[in-house]
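Q: From first to last, the protein sequence lines stand for chains S and V.
If you read the first sequence in UniProt numbering, its first letter stands for residue 1, the second for the next number, and so on.
If you read the second sequence in UniProt numbering, its first letter stands for residue 1, the second for the next number, and so on.
Quick caveat, the hints were computed from the structure, so don't treat them as lab data.
No experiment lies behind these values; they were computed from the predicted model shown.
Treat the hints with care, as some may be off.
Just so you know, same-sequence chains aren't split out, so a pair can sit in one copy or run between any two.
What the hints assert, rightly or not - Calculated pairs, SDA-like style, for lysine to any residue (alpha carbon to alpha carbon, straight line, at most 25 Å):
| id | residue 1 | residue 2 |
| --- | --- | --- |
| 1 | 50 | 29 |
| 2 | 303 | 223 |
| 3 | 50 | 251 |
| 4 | 303 | 225 |
| 5 | 50 | 93 |
| 6 | 303 | 276 |
| 7 | 303 | 123 |
| 8 | 50 | 39 |
| 9 | 303 | 238 |
| 10 | 50 | 366 |
| 11 | 303 | 349 |
| 12 | 308 | 263 |
| 13 | 308 | 382 |
| 14 | 50 | 3 |
| 15 | 50 | 362 |
| 16 | 303 | 316 |
| 17 | 303 | 244 |
Protein chains: 2
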Amino acid sequence: MQDDLNTRICAAVDAAFDHQLTFLSDLTAHPSTRGNEQSAQDFMADELEKRGYALDRWQIDIAEIQHLPGFSPVLDPYEDAVNVVGTHRSTTQQGRSLILNGHIDVVPAGPLGMWDSPPFEPRIEGGWLYGRGGGDMKAGLASNLFALDALAACGFAPGADVYFQSVVEEECTGNGALACLARGYRADAALIPEPFSEHLAIAQLGVIWFQVHLKGLPTHVAYASQGANAIEAAFPLIRALHEMEHRWNAAENRPDDYAHMDHALNLNIGKIEGGDWTSSVPAWSVFDVRMAIFPGQSIDAAKAEIEKVILDAARENAFLSNSLPEIVYHGFHAEGYALSQDSSANALSAINALETAHHDVTGEALVREAITATTDARFFGLYANTPALVYGPRAEAIHGFNERVEIESIRRVTKATALFIADWCGTEER
Amino acid sequence: MQDDLNTRICAAVDAAFDHQLTFLSDLTAHPSTRGNEQSAQDFMADELEKRGYALDRWQIDIAEIQHLPGFSPVLDPYEDAVNVVGTHRSTTQQGRSLILNGHIDVVPAGPLGMWDSPPFEPRIEGGWLYGRGGGDMKAGLASNLFALDALAACGFAPGADVYFQSVVEEECTGNGALACLARGYRADAALIPEPFSEHLAIAQLGVIWFQVHLKGLPTHVAYASQGANAIEAAFPLIRALHEMEHRWNAAENRPDDYAHMDHALNLNIGKIEGGDWTSSVPAWSVFDVRMAIFPGQSIDAAKAEIEKVILDAARENAFLSNSLPEIVYHGFHAEGYALSQDSSANALSAINALETAHHDVTGEALVREAITATTDARFFGLYANTPALVYGPRAEAIHGFNERVEIESIRRVTKATALFIADWCGTEER
């Protein structure tokens, strides 16, 4: 009976799969970088309404979330930051409720000339869909939606409440997912199909973003020795930060999930800007840093050490010692999260259900992986006592050029998701 | 008789000096950074016309100058690059003709918060006029104009043709002065009151501007080790350029005028930019460099060595070795120029006339100085066989915050300039 249902569900995924790829391609064509998510969210809202989900669509209000644990500071206004949630309300309430979460925001494409084809004109070639955000993570949003569609095609709805969330801000703060929590959305488990090669993420890192603002003493370059170059002054600070990165990665600091990784915590100088005129000793520079922390590592302690490292290095510089750098936090204040540490019956049961679904589809055991990124899973796991399963398709070059997601992997994940929903929530007649 | 005339000229400078400071303050209030020189040039044109000079005002046409020696490559359009020249045509033609040259363009102010008062709201305090461009070199433009005014107030005009030039582009290419040459302006000498503390510049350096464009291999920072950071890749290249700077400054490479200077040639990293997203390994960076060369040093040879240094350093980097930096020239291709090497009777006579005028005003000998900047003097000296005297007031913090020019120094230079004109050109009744 269950086998028969599973077979029908998988057949329904196959039957709609061309449609799913068209949907994914259409969604990827929306260049939903930070501040530009509206058209993609319109698209998602239309698709949810068309399917009969109760639609909730709202602008994130900083005042409603800034006091909550997990909030990340932002510099930009939130006038354009809109979340979309579609709700399925079960009539039988026989099973366990579920949040299907995905983020609509994508990172910038970078110089267009370095792409083989335009990043927001998705194309399918050799079994992959190419385009910025196709893998990270619009394929996941599509998988969530078409998994539910597959149940519907078989005449069923989930036998428990399901919340389909399309959130903004995953790539810089997580405040989109946090706003969902603040709005009251809760469930017995969450599934987030981030593109980690059909592995289950059993731990994820925390991430801190900060900017370092340096001043210099500008002069005409003819008298450069009387000036202080605010651009070159950054280099020793960056070197000191890398030494800190090295210390934090030392074997004795690694939690069990990361014990086997020599370099899980990456420090990235992601942006830099400085100076106004080639023949003036530059008066200012700013560089943007992303640093990871392990699950369990305190954000406050990490920030204190980051600040100490920067200021100690600055004090070695004659000019900076009297004009210390300013450190500005403008994004992720993300703690690490380890599903592996959640020993609740609920968590074990959710993992088991996903393992079964994955095995049914692939014939293989579900690989557990500690990932070196952060995801919105932390909000559900850390702040809402909800086990969050991060499990999505295989993608390559996310955040890079020619980002791509594997078509057959999307198909398998969609099937596994549909089977997981049917198991976790149960099914009821539509 | 000559003493009497000199006394009257100096008295005329004194009499109009308050007016001159008002003029300088008004001129400095125009924020004539590159591309924004028009209102300041309007102001200059009005003042020249008001005084009866024949006005020539034209837009620089790249096609008319790009084949000429001394041309510097530009990336920006020249639609807004307008030169202004006012001509006094002598009726007696008894003396030697003169170009009074100054540049109207100023360098960017930099972060406004680092100024004690707004850079384009000039103020006078403690004997100094503060404001961006007040010293470099609007005080010089004012000095040129009011020196001629002082003669006029005494009932005289120069007894030879005088060309008052207010040019753009001194701070990045010199193409403004080059366009004056291309337009046919020639004279027996040129005076450029750049702010070098009432010293005579007997040598100036050449300057080359270049941009280095780097590519990286972007990835999600979670997989940073698979990427190549285009920002940090710049640091070893900059280090290699500083080693080149050190070699070029070695004692054995210095011409006589610079033999006493340990570090005349400054390399400046004036601007940098790179990356699009804090959590992406940056795919690109660009940094802007100013490097000086000695008089006599070949620009082509210097460029070849710069390129070799950058590419050799890049080859040490695994990613860059397969994706070499691009070097773009976008400003100064300025040769050095040494008035000290001009042994023509004309040059010696011009220097002698300025020495006399300076001594008459200050009671002191004219100090000769090899300067570590470039000026537009090179066009007259190198490409028009015209000795160019760089001699202007004392200023501080040019290209820096709180740029300032000393009031009494302006007065002295204006007097010396007026006496020099009267001597060099002779005088005729107005």
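Q: Taking the hints in turn, state whether each one holds.
A: Quick rundown of the hints versus the structure:
| no. | hint | in the structure |
| --- | --- | --- |
| 1 | 50 - 29 | within (20 Å within a copy, 61 Å between copies) |
| 2 | 303 - 223 | between (37 Å within a copy, 22 Å between copies) |
| 3 | 50 - 251 | neither (52 Å within a copy, 79 Å between copies) |
| 4 | 303 - 225 | between (34 Å within a copy, 23 Å between copies) |
| 5 | 50 - 93 | within (23 Å within a copy, 90 Å between copies) |
| 6 | 303 - 276 | between (30 Å within a copy, 23 Å between copies) |
| 7 | 303 - 123 | neither (42 Å within a copy, 43 Å between copies) |
| 8 | 50 - 39 | within (16 Å within a copy, 59 Å between copies) |
| 9 | 303 - 238 | within (15 Å within a copy, 30 Å between copies) |
| 10 | 50 - 366 | neither (34 Å within a copy, 87 Å between copies) |
| 11 | 303 - 349 | neither (36 Å within a copy, 68 Å between copies) |
| 12 | 308 - 263 | within (22 Å within a copy, 35 Å between copies) |
| 13 | 308 - 382 | neither (28 Å within a copy, 54 Å between copies) |
| 14 | 50 - 3 | neither (30 Å within a copy, 97 Å between copies) |
| 15 | 50 - 362 | neither (31 Å within a copy, 88 Å between copies) |
| 16 | 303 - 316 | within (20 Å within a copy, 34 Å between copies) |
| 17 | 303 - 244 | within (12 Å within a copy, 39 Å between copies) |
The structure shown violates the earlier hints numbered 3, 7, 10, 11, 13, 14 and 15.
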